[in-house]
Structures are given as C-alpha cells and as structure tokens.
Amino acid sequence: MYKAILYKEWLKIRWMVLGYLIILLGFLTYIGLDTRYWFEMNDPIQVWLVVIQRKILYYTAIKYIPVFAAIVLAIVQFVPEMVKKRYRLSFHLPIGETHSLLFMIAIGVAVMLITSAIYLLGLTLIGMTFFPAEVTRSSLITVAPWLLAGIVTYLGATAVTVDPSWKYRIVYILLFAPFIQSLFLEGGYGEYQFSFGTYLLISLIFSIMVLFPGYRLRKGSKL
Amino acid sequence: MENVIECVNLTHSYGNKLIYKDLNFTVQKGKIFGILGKNGMGKTTTINILMGFLRPTSGKCIILGEESHNLSPQTRARIGLLHEGHVCYEFMTVSQVEKFYSQFFPNWKKELYYGLIDRLNVAYDHKIARMSCGQRSQVVLGLIMAQDPELMILDDYSMGLDAGYRMLFIDYLIDYVRENNKTVFMTSHIIQDLEKIIDDAIIMGYQKILLQMPISQFMGSFHQYHFRVDGQLPSFGIDELVSNYENIKNNYILYSFKSPEEVKGYLNKKGVSFAEFGEASMTLEQAFIGLTGKY
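Protein chains in written order, with the working numbering: chain L, 1 to 223; chain F, 1 to 295.
To be clear, the hints were calculated from the coordinates, so they are not data collected in a lab.
Everything numeric in this text was worked out from a predicted model, so none of it was measured.
Where a beta carbon is used, it is the ideal one built from N, C-alpha and C, also for glycine.
One should not assume that every hint holds.
[Stated by the list, open to error] In silico DSSO-like links for lysine-lysine, alpha-carbon gap of 27 Å or less:
#1 L/K3 x F/K109
#2 F/K17 x L/K85
#3 F/K38 x L/K84
#4 F/K110 x F/K127
#5 F/K99 x F/K127
#6 L/K84 x L/K167
#7 L/K85 x F/K60
#8 F/K127 x L/K3
#9 L/K3 x F/K17
#10 F/K109 x F/K99
[Said to hold, decoys possible] Pair by pair, the computed Cβ-Cβ distance ranges are:
#11 F/I174 x L/A177: 27 to 35 Å
#12 L/W10 x F/Q74: 55 to 63 Å
#13 F/G40 x L/A106: 52 to 60 Å
#14 F/G293 x L/L102: 43 to 51 Å
#15 L/Y64 x F/K110: 40 to 48 Å
#16 L/L102 x F/M159: 56 to 64 Å
#17 F/G40 x L/G197: 22 to 30 Å
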C-alpha cells in the first residue's frame, strides 16, 4: 500500500523534483565556476581577505532556493489533493488516514533531505577544491540553517495548503514565517553553530503541528 | 434481512442551522437504496456522514457494523465510494490509476475495469484530466467495480453526464449490482433515472424524512387526483389525507396516499363542489414533486 502511495506522490512531484535538481546543480556549478573565476582574476590573498575578513559568503546564491523549492513542492504535492476535495479519495483508502498523510509528508521531507545532501556534497567539493578544510566545514555549518528552513517551509506550506480554513492558514503563516525568517539572520560564517540544535528541536515541534490540519480535514472542519 | 447501513436518531446542524433531526433509516443487504430530496434538504450532508467525512451532531450511522465516522481500513476496503463530480486522480493516466488502486484491494478485478475502459476507445496512457466528464464517470465506475466492494455509495452519479453516458452508467451498474448481489446507496438529481434502479427510497423534506418505503409501494400507493371546482376555491391543509396540492384557477391537482373514494369523501365533507374528478398516472419524478412540492 505504501508503495502505491509512493507511486502516486512520485507521479505528482517527478517533474518538479527534476526541475529542482537541474536548478540546484546549475547553482552549484555556478558557485564553483564563480569561485574559480575569483581565484583566476584576483590575487589569492585578495580572495582570502574578501572571504574571511570581510565575511563575504561565496555561496549566498543558493540561500533562498530551498525555501522557494519547498513552497513549490508542497503546492505540487498537496494542491491536487485539495482541488475538488480529492483528499477524500486518500481518506477512503484502506490505510490509516494519519499514516497515509504522514507518509505523504515523509516523501516531501525526504525530497528536501536528499536535495539538502546534494547541496552539502556540492559545497564540500567546491570548498575542498579552493579552500582549506576549516572554510569548507564552516560553509556547511552556515548553510545548514538555510536547508533546515527549506524543510520547515515545506511543513508550513503543507499545513497552509491542507487546512480547509483560511483562519487557520493565517495562524500557520504567523507561526512558521518568523521561525523561518530567524534561520536567515546570519552575518558571517557558522553563526548558528551553537544554536542549531535548538532550532532543530523547534523544527521537530513544527513537524508535529502539520498533522493538525490533516486531522481537521478528516473530521470535516470548515471553521 | 441483514442491515448494511443503520442510521439512528441522526441529527446534524451547521452552527445554528439545523439540517435535520432524528433521522432513522436502514438499508438492507442486496438492496439499491435511493435518497431523494430537493436542494438543501440534507442529501449531501447524509452522504458525507455515511462516507465518514462528517461527524453528525448527534445520533450515529452504523455501516457494515462500524460507526461511519470511525471506519477501520478493513471496512473501508468493503465500501466503494463515488464522489460527486466523479472525483478521481486526474493527474494519472487510465493505466496509472488502475495500477495505483489495485495495490489496495486484494480482490481487485482488473478485467472489469479494462472491460469498461475498452468500450470508451481511449488509450491506456490517456490522462484522465483530458477526458470528458462522461468518460471520467466510466473510469470511476470501473475502479469501483474492480474493487469488488460489498457496499457502493454513489453521490449524484449523474452530475455532468449527458443522456447517453447516464444510460451507460446505469446499465453497467444494474448489471453489476444484480449479478453480484451488491448493496447500493445512491443519490441523483435526475430522479427519472432512479425509477428503474432503486428498490427502496427515502424522500427527505425540510429537516425530516417524508417517507421511507420500497419504491414500488410508493408508486402504487401515492396518487395524483385532478378535479375542477365550481364555486368558491377551497384551500387545503397538508394533513394525513392531503400530501400536497396545487391549483391553477379552478383546476386542482391533489396528491394523496388515500383512495379515490376517501378523497372524494373528504372533499364532500369540506363542502367542495367538484366535477371531472379523475386520477392521473405519474412518473417517479412527478410523484416526488407531488410529495415535496415544486418550491
């Protein structure tokens, strides 16, 4: 049964995922080429000063991509379920509604995790090519909140899409948006190094919240 | 006989607006049961409660032994649902949707689905979103039949279908249901179609059930009388004898479950001077309008 749900979700998101992968690899390629261009056109000491002393992050091009991708993913995955009340088709399948919804969300989270891993891998390769290990390590710590923001955005966008009431949708936006925004407040390298664990914990609480709109939908709540 | 659906003291309201109160009805195994009512009488609400998408304000509906709003996955597998508007996964193709559903139901009958699809002359890789409403209705019916459910709940199957597809749908449905001894609970806004399908019916009025009986009994016992009134035009109350009436000038049509003699006696007792008294035959649709009124 879960294989069938995976099949359905894949049919919905496959083109989006493919597009996202192309964009993601495109941006990573751009960052790699752009960094090489820096080194070729400037004195290495000059580059070092810009990157380290002036805290100019060489990978900010990807900063908001996970968040935008997460919104698109949630829309692509859940709007077809909501249009014409198609969620009723899922709720009537001989599988627990909560399990079914959780599995669908898990697929979306898996997409965000896999793409996050590709980001990290790409940045590791770029970092190791041009910079010392410390800079590479620091870059991974710096982008981690952006990637986490992508996952939390996916959960928030899912809650907003799935809930049948505008009142609750606004509540979710008011809850999720400040938290997501707080993951983009860095001014340099690795500034979330010591608070990232707390952010991760709060994100887990947000992930439980996403079940609430599903429950309301199942019970036919409109208000 | 075993009851597949049993609704007891069903009451529902949206906020302060009461839809109906203390509805009681049962659907027996192997019967095709129709729920008839004008717009806003609570048909969709009842269907939503039966489908488990709405929890009644009070009372309960038992379906295949379980409360409708808390059906186990095993029981859901025994119920085939047709949603109003033939809702299905339109982003899938004809074969993809079959592949998807087949993994949920152990008694899946693939040949029934493709038997219906082959009549439509559409390719298996045809996307459902690009199908006409009529074609989509056949896809949905094919999926329900392939599921091989004990109970089929069909919410306004006729919506958006032209006469040809309606007939095709009904012909397939009747053949399948009779051959396999299935129980069906259905609504349709085209009442004339239901006449040849349903065994039992409930007719819903404002906040209550007006009647529940086998459709043959209803059609055999509900009468339309017409007569001309000479003199002062009377008005009638809706009571045990008069189910409904209407008049255009001095020509009256009166609907009643009583015999011609009883109605004539009633008119005489009220001092109505009438002539040209007669009875007209009715279709189910006319009888339905006769009972519930045009407005």
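Consistency of the hints with the structure:
1. L/K3 x F/K109: Distance ~19 Å between L/K3 and F/K109 Cα, so the pair holds.
2. F/K17 x L/K85: Roughly 23 Å between the alpha carbons, so the hint for F/K17 and L/K85 holds.
3. F/K38 x L/K84: holds, 23 Å
4. F/K110 x F/K127: Holds - the C-alpha atoms of F/K127 and F/K110 are around 18 Å apart, at most 27 Å.
5. F/K99 x F/K127: Satisfied, since the Cα-Cα distance of roughly 14 Å is no more than 27 Å.
6. L/K84 x L/K167: Holds - the C-alpha atoms of L/K167 and L/K84 are around 20 Å apart, at most 27 Å.
7. L/K85 x F/K60: holds, 24 Å
8. F/K127 x L/K3: holds, 21 Å
9. L/K3 x F/K17: violated, 43 Å
10. F/K109 x F/K99: At roughly 12 Å apart (the allowed maximum being 27 Å), F/K99 and F/K109 satisfy the hint.
11. F/I174 x L/A177: 27 to 35 Å: Check failed, 55 Å falls outside 27 to 35 Å.
12. L/W10 x F/Q74: 55 to 63 Å: violated, 27 Å
13. F/G40 x L/A106: 52 to 60 Å: Cβ of F/G40 to Cβ of L/A106: about 41 Å, so the range 52 to 60 Å is violated.
14. F/G293 x L/L102: 43 to 51 Å: At 49 Å between Cβs, range holds.
15. L/Y64 x F/K110: 40 to 48 Å: Once the Cβ atoms are compared, 47 Å apart, the range 40 to 48 Å for F/K110 and L/Y64 holds.
16. L/L102 x F/M159: 56 to 64 Å: violated, 33 Å
17. F/G40 x L/G197: 22 to 30 Å: violated, 56 Å
Checked against the numbered hints above, the structure violates hints 9, 11, 12, 13, 16, 17; every other hint is satisfied.
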